[in-house]
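Chains as they are written, first to last, in my numbering: chain B, 50 to 256; chain X, 50 to 256.
All clues stand as given, with none of them false.
The list makes no distinction among identical chains, and a pair is therefore deemed to hold if it is satisfied within one copy or across any two copies.
Subject to a maximum C-alpha distance of 25 Å in a straight line, what follows is the list of computed DSS-like cross-link-like pairs (lysine-lysine):
1. Lys-84 with Lys-234
2. Lys-216 with Lys-234
3. Lys-151 with Lys-220
4. Lys-196 with Lys-216
5. Lys-196 with Lys-161
Hints were generated in silico from the structure; no laboratory data involved.
2 protein chains.
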Amino acid sequence: MDKKQVPDIVVARLPIYLQTLKMLEKEGEYTTSSKDLGKRIGISAAQIRKDLSHFGEFGKQGTGYSISYLIEQLESILQVNGVWNMALVGVGFLGHAIANFKGFANHGFQIKCVFDADPQKIGSKVGEFTILDSAKMEEIIRSEKIKVAMITVDAIHAQAVAELLVKSGVKAILNYAPVTLNLPKDIRIQYIDPIIELQHMTYYFQD
Amino acid sequence: MDKKQVPDIVVARLPIYLQTLKMLEKEGEYTTSSKDLGKRIGISAAQIRKDLSHFGEFGKQGTGYSISYLIEQLESILQVNGVWNMALVGVGFLGHAIANFKGFANHGFQIKCVFDADPQKIGSKVGEFTILDSAKMEEIIRSEKIKVAMITVDAIHAQAVAELLVKSGVKAILNYAPVTLNLPKDIRIQYIDPIIELQHMTYYFQD
Numbered sequence: 050m051d052k053k054q055v056p057d058i059v060v061a062r063l064p065i066y067l068q069t070l071k072m073l074e075k076e077g078e079y080t081t082s083s084k085d086l087g088k089r090i091g092i093s094a095a096q097i098r099k100d101l102s103h104f105g106e107f108g109k110q111g112t113g114y115s116i117s118y119l120i121e122q123l124e125s126i127l128q129v130n131g132v133w134n135m136a137l138v139g140v141g142f143l144g145h146a147i148a149n150f151k152g153f154a155n156h157g158f159q160i161k162c163v164f165d166a167d168p169q170k171i172g173s174k175v176g177e178f179t180i181l182d183s184a185k186m187e188e189i190i191r192s193e194k195i196k197v198a199m200i201t202v203d204a205i206h207a208q209a210v211a212e213l214l215v216k217s218g219v220k221a222i223l224n225y226a227p228v229t230l231n232l233p234k235d236i237r238i239q240y241i242d243p244i245i246e247l248q249h250m251t252y253y254f255q256d
Numbered sequence: 050m051d052k053k054q055v056p057d058i059v060v061a062r063l064p065i066y067l068q069t070l071k072m073l074e075k076e077g078e079y080t081t082s083s084k085d086l087g088k089r090i091g092i093s094a095a096q097i098r099k100d101l102s103h104f105g106e107f108g109k110q111g112t113g114y115s116i117s118y119l120i121e122q123l124e125s126i127l128q129v130n131g132v133w134n135m136a137l138v139g140v141g142f143l144g145h146a147i148a149n150f151k152g153f154a155n156h157g158f159q160i161k162c163v164f165d166a167d168p169q170k171i172g173s174k175v176g177e178f179t180i181l182d183s184a185k186m187e188e189i190i191r192s193e194k195i196k197v198a199m200i201t202v203d204a205i206h207a208q209a210v211a212e213l214l215v216k217s218g219v220k221a222i223l224n225y226a227p228v229t230l231n232l233p234k235d236i237r238i239q240y241i242d243p244i245i246e247l248q249h250m251t252y253y254f255q256d
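This is chain B alone, in the form it adopts within the complex (with noise of 0.2 Å):
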C-alpha cells in the first residue's frame, strides 16, 4: 500500500477509530460493528468502513469486527505498536501540565526530555523530569535519536525552536505555541491551539 494514496482526511480520522476501539476494549467489550463505532463517534458506518478498506480487510459480514485484532491493525499502521521518545520544549504552565501528563505511555509516546531556557528553571524538576539546558537540546536530541518533539513556547520563540528541532533530527513537532511554523516539506507539523477551534465554532452561532 502506497500511503500517499490515502487521503490524509482520513489518517485523521484513524486516531480516533484506535481511541474508539480502547474504550470499547476496556469496557469489557470484544467485538464491535461499524454501526456501533459509528454511533459512538458521530461517523456514519459507512465511511468508517470506507475508510477502512483502504488498509485491506478487517471485519466479517455479520460478524462486525474483532477490538483487539483491529488495535493491533490500527496500531501497526499508524506506527504506534512501539513507543516513540519524544521532547518537550518550553515550560510555562501548559508546558508543565503536558509533562504531568500519564496519557501518552498507552498510545506509543513518552517523554524522553524536557528543555527550557529560563536559568532559573534549569535543572529544577517537571513531572519526573528534570528540566535540560535548550543550549544541549541539538546534542541531545540528536544522540538520543528523538523523532518527536512538542512545542510549549510563546509564540515568538516557536520558530527558532522548531528550526533547532529539525536540525537535530526531529521529523514530527506538535506545535502549542500560536503560530504557523515554517519547515522544509519532509517534516510533519501538527497544531494545538484553542483559539483556532474555539473561533471555528462561534462562526456558527445564530444570533
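We have chain B already, so just place chain X on it with the hints.
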C-alpha cells in the same frame, strides 16, 4: 449568505487567516497579499482567494488586502468581534494551565468561571479565578448566559459534564478529555487531543 453553504473545511481555515493577519499587523504591516499570506501559512494563494470569495470581495487586484479591514471582516464573520464568556470545567494540571492562559482576551473570548468537583479545590484560587463548586454549574452558567465551555476533566467524567453544560444552555464545547462526546446535533464540539495529533503524524514516518 447562508452559513450552511460554506464548507466546514473553509470555515476551519478562517481562524488561521485571522491569526496570521493579526501577527502581520503586530509586525507593523498594513497590507498583504494572498501570496504573502499563503507563504506564511503554507496554503496556496489561490486557495486563500477562493476561501475568502465565499464571503465577499476583500482585496483589490494589484494592491492586495488592507490588513486591518480584513481582520475586521473575519472577526465579524467568525462572530468574535465581541467577547464570549466561557466556563472552564476541571482544574487538573491542564485546567490550571488554561486558567492561567492570557491569550484568549484579544481573540474574542474570556474565561468567566472555573468549576471543579473536588472539595479540596473549591474556594481556592487558580490564576485570577476562585474555583466554583461543580454542583452549582447549571445555576451559574444559566444566570451568566454562558454559551461556550472548555472541558478538562478526566475522560470518564466528560460525557456527564458535557450533558450538564448543554442542559445549562452551553452551545459550543471545546473538549480536552480524550473521549468522543455524544450530544444533540445543534451543539458544536471541537476536540483537542495531543495523542490523536501525534498518531496522525507517525503514520507518515518512513522506516
